[in-house]
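Fit chain B to the given chain A structure using the hints.
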Amino acid sequence: MKILIAVKQVAALDEDFEIRADGRDVEEEFLIRDLNEWDDYSLEEAVKIKEASNEPVEVVVMSVAPEEADEVLRKCLAKGADRAIRIWDEGMERSDPIAIARILAAAAKAEAPDMLFAGVQSSDQTFAATGIATAAFLGWPHAAVVSSLDYAPGAKSAVFRRELEGGLLQEVEIQCPAVLTIQLGINTPRYASLRSIKQAAAKPVELRTLADLKLSSGEVGESGSHSRIRRMYIPDKGQAQLIEGDAAAKARRLAEIIREFKGDAA
Amino acid sequence: MSRTDAVTRILFEAFPTAEVRLFYALGYAAIGIFCWGAYVQIRKYRRGAPLTLEGSLWSRASDMVGKVVSHRTVNRRDHAAGGAHRLIFYGFALLFLGTATITLQYDILEPLFGIRFWQGRFYLVFSLVLDLAGIALLGGLLYMMYRRGWMKLPKLDYARTDRALGDPDFLRPEYRREDWAFLWTLVIIGGTGFLLEAARLVWLHARPDVWDTRWWSPVGAAVAEALEALGLTAQGGGVLRVSLWWFHGLVALTFIALIPFTKVKHIFTSAASLMVRDPLAAQRLTRVPAAQEAPGVAKITDFTWKQLLNLDACTKCGRCHEACPAQAVGAPLSPRDVILSLREFANAALESASLPPAAELGVHGKSPGQVAMETLWSCRTCMACVEICPVAVEHVPIIVQMRRKLVEDGAMDPLLTKTLQTIHKTGNSFGESKRKRGSWAKGLPFKVKDARKEAVDVLWFVGDYASFDPRNQKVTQTFATLLHQAGVDFGILYDGESNAGNDVRRVGEEGLYEVLAESNIAALAGATFKSIVTTDPHSYNTILNEYPDFGAKFPIEHYTTLLKKLFAAGQLTVARPLSRRTTFHDPCHLGRFNKGYEAPRELLKLLGCELIDMKRCRDNSFCCGAGGGRIWIPDPVGSDKPAQNRMREAAAIPGLQVYVVSCPKDLTMFEDALKTTGNEGKFVVKELIELVREAVVAPETLAVPA
Numbered sequence: 000m001k002i003l004i005a006v007k008q009v010a011a012l013d014e015d016f017e018i019r020a021d022g023r024d025v026e027e028e029f030l031i032r033d034l035n036e037w038d039d040y041s042l043e044e045a046v047k048i049k050e051a052s053n054e055p056v057e058v059v060v061m062s063v064a065p066e067e068a069d070e071v072l073r074k075c076l077a078k079g080a081d082r083a084i085r086i087w088d089e090g091m092e093r094s095d096p097i098a099i100a101r102i103l104a105a106a107a108k109a110e111a112p113d114m115l116f117a118g119v120q121s122s123d124q125t126f127a128a129t130g131i132a133t134a135a136f137l138g139w140p141h142a143a144v145v146s147s148l149d150y151a152p153g154a155k156s157a158v159f160r161r162e163l164e165g166g167l168l169q170e171v172e173i174q175c176p177a178v179l180t181i182q183l184g185i186n187t188p189r190y191a192s193l194r195s196i197k198q199a200a201a202k203p204v205e206l207r208t209l210a211d212l213k214l215s216s217g218e219v220g221e222s223g224s225h226s227r228i229r230r231m232y233i234p235d236k237g238q239a240q241l242i243e244g245d246a247a248a249k250a251r252r253l254a255e256i257i258r259e260f261k262g263d264a265a
Numbered sequence: 000m001s002r003t004d005a006v007t008r009i010l011f012e013a014f015p016t017a018e019v020r021l022f023y024a025l026g027y028a029a030i031g032i033f034c035w036g037a038y039v040q041i042r043k044y045r046r047g048a049p050l051t052l053e054g055s056l057w058s059r060a061s062d063m064v065g066k067v068v069s070h071r072t073v074n075r076r077d078h079a080a081g082g083a084h085r086l087i088f089y090g091f092a093l094l095f096l097g098t099a100t101i102t103l104q105y106d107i108l109e110p111l112f113g114i115r116f117w118q119g120r121f122y123l124v125f126s127l128v129l130d131l132a133g134i135a136l137l138g139g140l141l142y143m144m145y146r147r148g149w150m151k152l153p154k155l156d157y158a159r160t161d162r163a164l165g166d167p168d169f170l171r172p173e174y175r176r177e178d179w180a181f182l183w184t185l186v187i188i189g190g191t192g193f194l195l196e197a198a199r200l201v202w203l204h205a206r207p208d209v210w211d212t213r214w215w216s217p218v219g220a221a222v223a224e225a226l227e228a229l230g231l232t233a234q235g236g237g238v239l240r241v242s243l244w245w246f247h248g249l250v251a252l253t254f255i256a257l258i259p260f261t262k263v264k265h266i267f268t269s270a271a272s273l274m275v276r277d278p279l280a281a282q283r284l285t286r287v288p289a290a291q292e293a294p295g296v297a298k299i300t301d302f303t304w305k306q307l308l309n310l311d312a313c314t315k316c317g318r319c320h321e322a323c324p325a326q327a328v329g330a331p332l333s334p335r336d337v338i339l340s341l342r343e344f345a346n347a348a349l350e351s352a353s354l355p356p357a358a359e360l361g362v363h364g365k366s367p368g369q370v371a372m373e374t375l376w377s378c379r380t381c382m383a384c385v386e387i388c389p390v391a392v393e394h395v396p397i398i399v400q401m402r403r404k405l406v407e408d409g410a411m412d413p414l415l416t417k418t419l420q421t422i423h424k425t426g427n428s429f430g431e432s433k434r435k436r437g438s439w440a441k442g443l444p445f446k447v448k449d450a451r452k453e454a455v456d457v458l459w460f461v462g463d464y465a466s467f468d469p470r471n472q473k474v475t476q477t478f479a480t481l482l483h484q485a486g487v488d489f490g491i492l493y494d495g496e497s498n499a500g501n502d503v504r505r506v507g508e509e510g511l512y513e514v515l516a517e518s519n520i521a522a523l524a525g526a527t528f529k530s531i532v533t534t535d536p537h538s539y540n541t542i543l544n545e546y547p548d549f550g551a552k553f554p555i556e557h558y559t560t561l562l563k564k565l566f567a568a569g570q571l572t573v574a575r576p577l578s579r580r581t582t583f584h585d586p587c588h589l590g591r592f593n594k595g596y597e598a599p600r601e602l603l604k605l606l607g608c609e610l611i612d613m614k615r616c617r618d619n620s621f622c623c624g625a626g627g628g629r630i631w632i633p634d635p636v637g638s639d640k641p642a643q644n645r646m647r648e649a650a651a652i653p654g655l656q657v658y659v660v661s662c663p664k665d666l667t668m669f670e671d672a673l674k675t676t677g678n679e680g681k682f683v684v685k686e687l688i689e690l691v692r693e694a695v696v697a698p699e700t701l702a703v704p705a
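Chains A and B supply the protein sequences, listed in that same order.
So the first sequence is numbered by numbering that gives the first Met the number 0: it starts at 0 and just counts up by one.
So the second sequence is numbered by numbering that gives the first Met the number 0: it starts at 0 and just counts up by one.
In isolation and in its complexed conformation, chain A is listed as follows (with noise of 0.2 Å):
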């Protein structure tokens, strides 16, 4: 039995930070890497239900990103994680959620998952694309934001809950393999503890590359994408002014200002 689980390694902006020069993202020294929220979730909600489960589970974490992404991936090693998975090409840059998605779904097929996790979004783009096109490439039925699963590894199929507007739960019954979108508070993550992520630091991180998942260079990257991030930037803010003085100062103030913005300051 095997629970695959689609992670991602995201950017939190610091204090103060600047754009980068070509205008499409925030300049590298300014953002903190961490695992994305969701993915917390998702890989707790596989590990439960490995640990749950009398059969053998293998709880595989896999991510398209370049090197940098091992801390997460080992991170998710010490979480219970069994084994992880880098793929990664030059010419994945600038892939967006649909490319991405074709890249995951070539591995999944590789891997020959029971079930599919991925979070319901990323923290720092929040395209909520990439499990959902996931699917779409399997052809393997899909659900959005769960937020409560039944699921016995190597079932047929898994009960889960959803939450609609207005505090109604949908409760949905799904054929196996299936791709699930995993919402924030499913469950509670555990704690990594240094040692455990020290320990997972020894333990290898598998590569695939382009040619590993049989994929053209065409297929990812820019041309494998039907969307390009134009620019990235912070709007001019709305400005506020102190109108100081007495109360009858404050109000004459008052009134000239709106006196200008009807027109008629002259």
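Among the hints, a few may not be true.
Straight-line distance between alpha carbons at most 27 Å, and here's what the computed DSS-like set of lysine-lysine pairs gives [as the list claims (entries may be wrong)]: (1) A:K47 with B:K298; (2) B:K365 with A:K47; (3) B:K564 with A:K197; (4) B:K604 with A:K236; (5) A:K49 with B:K298; (6) B:K564 with B:K604; (7) A:K47 with B:K417; (8) B:K298 with A:K197; (9) B:K424 with A:K47.
By construction, these hints were calculated from the structure, which means they are not laboratory data.
What follows is chain B alone, placed relative to chain A:
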């Protein structure tokens, strides 16, 4: 030759040989049972993890003998109990030595070499000394009975705060029964000893060497006179003597046989515990050995033999129970009960011939003998228990070892989990950007040197709270101003500094502590300085006592001693004495941990302040509740907090103006507690640094730069 030269007591006088042989047989049996029991106990300790002690055995032994003989540790904070125990101890020891002396002559020297010395004047003085010893023993025992029976001391109440009524180990009446059985047994042995002495005198009234020297045994003689007055004849005395002799002898032999199986064993275990004491038990926690598979303690056999011995050394005196701040506010922790629980567990699991399977040795949980995680997380690692324990039980390392296992399992408050992750990510507990660590220095009218880039005399290790907490940042700026004003060449590490790790280590996250310590050591090693100063007692403790285990020994002092020196050297002078009524709160990590009691008090005196110490001060200072990572764990809603308890104590000082602290966490905790206890407006909480600043500068220049 005078008449008294030959006086002695003939052993087994008028006993048939068979009875003497019977007595010897019983004696050997008692010793045999004692030895078996001792073996079982030692086997129990040996089932613990190995540990090699530092220091010479000789200095350890002499240190132990000094403490036992002087009773210094038993006497602390309870002179009445200490005095009574002294009487029992000296009485018992002398009576034991007396018996040993008789054995020496009767069973060894006389049969082998024909040497006799237990006679004449020596015998008479011996009799007198042993009578006095008997009185001391009985007096001490009677006081202890009064104490247990009538004084109703909370520390002698065995009801537990970490268990509920109805739990099998909530009240533990067996402890009470054992206490009384112990006292009564000794009283009976002592009492029958005197009666026996008197019966013999009456029996031998006709023999002048016995009767005429009777007042050398004053108690025996007085009782003999009384018995005779009541009509006891010499013949009656003889009969009484034989029956008492056997009764006294059998009770005494039973007592000896039972020593290893009852609380009486504290005679040995407490002494041994004192001998293996670690003077830095709480200040310098131990590293997790590289070869150890899982950190911390999961099973009873994961404790070291020394810790298992510690468990048996406990005499239930309750001093830790009384000193514990968690216990004082009703948290489910009593250091005494942690020890007693584990002891019950060890006795049940490790005294049998074969070791039970590992699955039955887990010490975490809520069953009898186990310790609940709520209990372990209630600890502030303030060291009040370790410091006051008369027999060197080291509770804090035991608790932290158990927490290490909890951390590994993630069994902790979610907020604590978050904080640890934050510290790992950012190097500080505030989740602030590393870059902002030195931001407080920006607002100063002078530049604070970057010690990573230029050499400084004094490297200031600022610490998390002093760097990031807005209220403490003001104090930090004030201290920088004082150093600047005194012309001290100082600098800080800016974002090269991380949380020192003291509290992370006490939480039990040893892996994270290693990361922090190694990172700070690398930063410190890269800087050029003569000494380190810090305003944070927590950082002070770990850099002073724990970084050396990571190969880094730096000279470091708390700011109070540095300021004292600056005043002494005339670099700072008091321009405006402050005639305020103050009290000083000894921070755990400065006071109890590192004995820094004097410098802050001398500074207050120097500033012209009147100092009125609270009852709980110096070594008995009461923790603010923030230690051991508790500052990152919310107290249960509606519960009393140690800081509030402390504020009420301070508020009882008439006319108190300033509650002086010298630790960033104290400032946070007590300013909060001042408000929540409704004492705001009555007195203020201030850092000693703020008072120093007020006193050394003219009032118009007082404003702290923003």
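Evaluated hints:
1. A:K47 with B:K298: 24 Å, holds
2. B:K365 with A:K47: Holds, because 24 Å separates the two Cα atoms, which is no more than 27 Å.
3. B:K564 with A:K197: The given pair, whose Cα atoms are some 44 Å apart, is violated under the 27 Å limit.
4. B:K604 with A:K236: 55 Å, violated
5. A:K49 with B:K298: Within the cut-off at roughly 25 Å; holds.
6. B:K564 with B:K604: Cα-Cα ~14 Å, so holds.
7. A:K47 with B:K417: Cα-Cα ~20 Å, so holds.
8. B:K298 with A:K197: 24 Å, holds
9. B:K424 with A:K47: Roughly 25 Å between the alpha carbons, so the hint for B:K424 and A:K47 holds.
When the structure is compared with the earlier hints, violations turn up for hints 3 and 4 and for no others.
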